[in-house]
Amino acid sequence: MTKRRNTTLRILIALVAVLCLTSCGGGIQNSINPAGPQADNLSRLWWLMFTVCSVVFVIVMIVLLLSLRNRTKESISELPPQVEPPQNQERRRRNVVISAATVTVVVLFVFLIASFSAGRSMTAELAHKNGLAIDVTGHQWWWEIRYSDIDASNIFTTANEIHIPVGVPVTFTLHGGDVIHSFWVPNLAGKKDLIPGKVNTLWLQADKPGVYRGQCAEYCGLQHAQMALWVVAEPQEQFNAWRQSQTQTSVPPASDSQKRGQQVFLSSTCVMCHAINGTPAGSNIGPNLTHVGSRNTIAAATMSNTREHLAQWIKDSQQVKPGNKMPQQNLSDADLQSVIDYLQSLK
Amino acid sequence: MSHEEAQKAQKTTVSEAELAEVMEREREELERTWARPRGLRGWFTDTDHKAIALRYIKTAFVFFLLGGVEAALMRLQLARPNNHFLSPDQYNQIFTVHGTTMMFLFAVPIMTAMGIYLVPLMVGARDVAFPRLNLYGYFVYLIGGILLYTAFVLNTGPDAGWFAYVPLSGPGFSPGKRVDIWAQMITFTEISSLAGAVIVIGTAFKMRAPGMSINRWPLFVWAQVVTGFMIIFAMPAVMLASSFLASDRLIDTHFFNPAEGGDAILYQHLFWFFGHPEVYIIFIPALGFISPIIVTFARRKIFGYAVLVMSLISTGFIGFGLWVHHMFATPIPQMGESFFTAASMMIAIPSGVQIFCWIATLWGSKLNIKTPLLFVLGFFAIFILGGLTGVMLASVPLNLQIHDTFFVVAHLHYVLIGGSVFPLFGALYYWFPKWTGRMLSERAGRWNFWLMFVGFNLVFFPMHKLGLNGMPRRVYTYLPETGWGTLNLVASIGAFILASGVLVFVINVVWARRAGAIAGDNPWAADTLEWSVSSPPPNYNFHNLPVVQGRYPLWQATEDAPVVRGLSTTKRETLVTSVMDAQPELKFEIPGPSLWPSLVALATGVTFIVGIFTPWAFLAGAIMAGIVLTCWFFGDPNHENKTARETGERSESVPGPRELQPKEV
Amino acid sequence: MSTRAVIDVSELPHHEFDTFDPVWWGNNLLLAIESSMFAILIATYFYLRQNFPLWPPPVAQLTATLDPLPQLTYGTLNTILLVLSCGPMILTDISARRGNRGVSQIGLVIAIACGLSAIVLRGFEFSAMYFRWDSNAYGSIVWFMLGMHMMHLLVLTSESLLLCVWIFTREYDMKHRVDIVTVAVYWYWVVAIWLLLYGIIYFTPRAG
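Sequence lines, in order, name chains P, R and W. FYI, the numbering for the first sequence is 1 to 347, going by the numbering used here. FYI, the numbering for the second sequence is 348 to 1012, going by the numbering used here. FYI, the numbering for the third sequence is 1013 to 1220, going by the numbering used here.
Everything labelled a hint here was simulated from the structure, so no lab data went into it. Glycine residues also receive a C-beta, built at the ideal position from the N, C-alpha and C atoms. Accuracy of the hints is not assured; some may be wrong.
[Unchecked claim] If you only want the chain R side, here are some residues facing chain W, beta carbon under 10 angstroms, derived:
| # | residue |
| --- | --- |
| 1 | G415 |
| 2 | P557 |
| 3 | S560 |
| 4 | I561 |
| 5 | A584 |
| 6 | T600 |
| 7 | A908 |
| 8 | S915 |
| 9 | V926 |
Please model the complete structure; the sequences and the hints are all you need to start from.
Dropping the structure here:
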């Protein structure tokens, strides 16, 4: 009997160990693989709590198992009930229970302090005024990204991909476009909700260059699962160059195919929702496509930005992401290829 | 004392044979008086608390199985990345219906039902305080459940999550009737649990056997009463939330419409002001199962009775101060956040203290571990882990990382399945003999436990890790690049082990109903009053109401323990006693079988269902309910007893028990 | 020979007023539920108020902007009526305890008349608001509060009516006397809740 229990216990312990070991891996969407001060703070708080809680858990389990060591095969009705156990025995137990309760209170107090100080160090730096300011608006099911600036010519709008310079605090102002979404890039910071009628703020900073994936964390309807974004953290010069190119209007089509693509784009239903700065297309219902060719992904980080995927997406986006708001486009194959040529040229 | 001697002389006036004869006659009369209508008529008119509670338990268990099937479907879908087993629309309906079912149609009703069955027996009453309200509550609940599943089968299942946040659930983003059905179903089930709460509190306060003063309440009863009060103060919030939502959708009010001054966060406040206490409404009754099981198996009094009671009460209070920790990611003032962090951590103290007291009770006892205790031990392992992750979620900064991820999915299943379902299964094994007269198989019980325990941990432990790795909850699929595939596969395999455990239980029940060992009155040699009557108990529960002599009535009962005499055997009478000291006050006549409650439930049901389509239904429904209630009021409340009462005079004049000497206790 | 001590309860009454009777507890638990419902309703009222710079929001009338504070006339009349209705109800309450059938009947009839008038007046109160339920969030919550309270007035008056018919046509027994006392408690509660709502709906916007 005891042997069997031990085996089960061992299997469980082995399982826990395996899971713990795998938890130290990397990952571009991972809250315990921090790449900035915010996530770093949180990760440290997590490991503190994890360690203390594990110790508490193991101790309680050991005590519980010890309390079961006095086993019997006697039928329960043959064991006389004890309504008044010996006083001294009860007193000893009372002391142990009181001590355990005290330890609980102390542990919780430590957690409370750790939590407050982590929270304070995270919000204190919200005061950064000279950092970068980005407005994010959540839509079903994509992210509208707007870089604000005092200089109006530096303001531009993009979608689903955020570039930030390494080592610079970035303040996000979060707006709800339709329903509630939640902005979450786990490697960089915790999440904040985007709520219609409210404004929420979040700041984060990337200390290591790299690509971090974020995903909507508040259930927002049919395609909640495929509403992701990329944060690209790069050195300041690279960022400046990117920013510079994003503020420009779109590149005019060069090749014949691209020209034809632009024509098809402007004469079809595309313009009902999408904007391409520098052309008559100016609708803000869908993502801004002025520099769509420069983005790494399409469909809110659902697919990489390749010819094949673009074709799939434009022709029948409902197949890829059922329920999304983009209608089917009945383009001839030639038209489709031209449109793709055009879109890919929009660097 | 010559007076006493005279009394003694009187006591000997009844011979053993005479007494037996009188008792037998009384028993027959009681059987007649408390006879239950059978068959189809019984279904709609029977107000016996045991019958209704068992119906509640069976219905809730069916919903538990349905919710389990939905969970299995979700696990199949998530077993590998980019899976197309379910469409996003199907997945979203399934997880919404799964959550709604488990919270509203399984957990709360089954916990209340345990109270409805056991509280009258534990306190020594012949029925609950308001048996007809009880029947009404059951039917309202049943109609709500059927409404949800009918809609679900017709592909009109709600799809906005079990907490249906606005604006997603509002008129703008959820056209059609899906969310309306959800909102109405919420109102239904809340009416039923409010009825349950009033019944349980009324019974525990006023219908106790003499001698069961408030400091002798079984801990089970304490847990049920604390839960009852939590229901009373929490449920109105969600009823308002769902009514506001329904009226926003149906008659164009603007409670949650930011464009007209409404507020999306208001909904979250209203919902979680109910939603967090809800967790404790499910959890506290389970604490009430654990204490009696531990006492029985440890063969000793509970360690720290008063502390346990205080813990239950303070959990009930603090439970109302945590709701904002579901909303840390919304823009709320920081002062508020700090308060809710502190409160959310504080609630770990009473839970911890209870666990310490239980371990102190078990410590050193000679144990013969049977399935009920096994499930309680499983509770310790799982719930403590869930409680610890709960402390992590209470911390605002950490919460912002793990909130709305699979970490939360893991946490909530650890506290709800570990904290409620495991004790519930223990309780089912423990009280099944009382309900049916037969024991469940011990061997199958062990299989049941280990399959559930291993399966459970396989499903939910990896989810902690998935959450930390960035997997948000409520996603119908994920990309292969995320690297979440392996752990999800492990979880999916675990789900089927867990399900097979539940299957073993179902088979065990079916088998035991017919072939289980005969249980006898008190198979566990336990201490509470329900074990003093036959299994299953007679319709009138107690022939002579007992007089309680201590906190552990059956363990402390002396040979010559007094009983209550003088209640009519020809009317449905039970004793009403004072709230604190349980001093006899009234002979309360309990109403018998009646069709009216079912009719009022039907009127309520039609009103709310037709109300989805036209607000005029509420006017029509009010008139309908008014008519039925008027008939109910003017119909003789004890119609069924009339004939018995007319012939009743005879039995009152029977000599014998009346000559037994009354004695003050 | 059997000697078993017993507690003989055969002489106990079947009904008694107030805390003795389970019905009293049932009723008061119900009122606790309703009270927490109204408490949350009131909290909602003040929560929504935060979203409005002016409460109630101004209405653009033909010529000028109007400050649409709820008109006091009907609400005040109703308040006076409801407070006065407690008189006959107290009379009914006391007479039911004493077993004076005649007084109970008179008291109940007057109280029911008050209840019915209050319901009619409530109809006018709705129109004294400058907003419909679907105008804005202010309109929604105020209509909801008035409506919820009106529902209680309706239930209360119907309940009293039923009891009244009973004691006119059937026996004036202990069970129904206990019921009368229970209805009286409900009546006082409905009036007390109204005083609270009256203050909130009519005067908090005026207090700024």
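Quiz item: Would the stated hint for A584 of chain R survive a check requiring a Cβ distance to chain W of less than 10 angstroms?
Solution: Because about 5 angstroms separates A584 of chain R from the closest Cβ in chain W, which is inside the 10 angstroms limit, the hint holds.
Practice problem: Please verify that hint: S560 of chain R, Cβ, nearest Cβ of chain W, below 10 angstroms or not. | Solution: violated (15 angstroms)
Quiz prompt | Hint check: 10 angstroms Cβ-Cβ cutoff, S915 of chain R to chain W | solution = holds (8 angstroms)
Self-check item: Hint status (Cβ of T600 of chain R to nearest Cβ of chain W, threshold 10 angstroms)
Solution: holds (4 angstroms)
Quiz prompt | Per-residue hint verdict: G415 of chain R, partner chain W, C-beta under 10 angstroms | solution = At 32 angstroms from the nearest chain W Cβ, G415 of chain R fails the 10 angstroms test, so the hint is violated.
Practice problem: Report holds or violated for the interface hint on P557 of chain R, using the least CB-CB distance to chain W and a cut-off of 10 angstroms. | Solution: holds (6 angstroms)
Quiz prompt | chain W contact restraint on V926 of chain R - CB to CB distance below 10 angstroms | solution = holds (7 angstroms)
Quiz prompt | Given hint I561 of chain R near chain W, where the shortest CB pair must fall under 10 angstroms | solution = Violated, about 14 angstroms.
Quiz item: Given A908 of chain R as an interface hint, is the shortest Cβ-Cβ distance to chain W below 10 angstroms?
Solution: It holds, given that the least Cβ distance between A908 of chain R and chain W is near 8 angstroms, below 10 angstroms.
The structure is inconsistent with the numbered hints 1, 3 and 4, although it conforms to all the rest.
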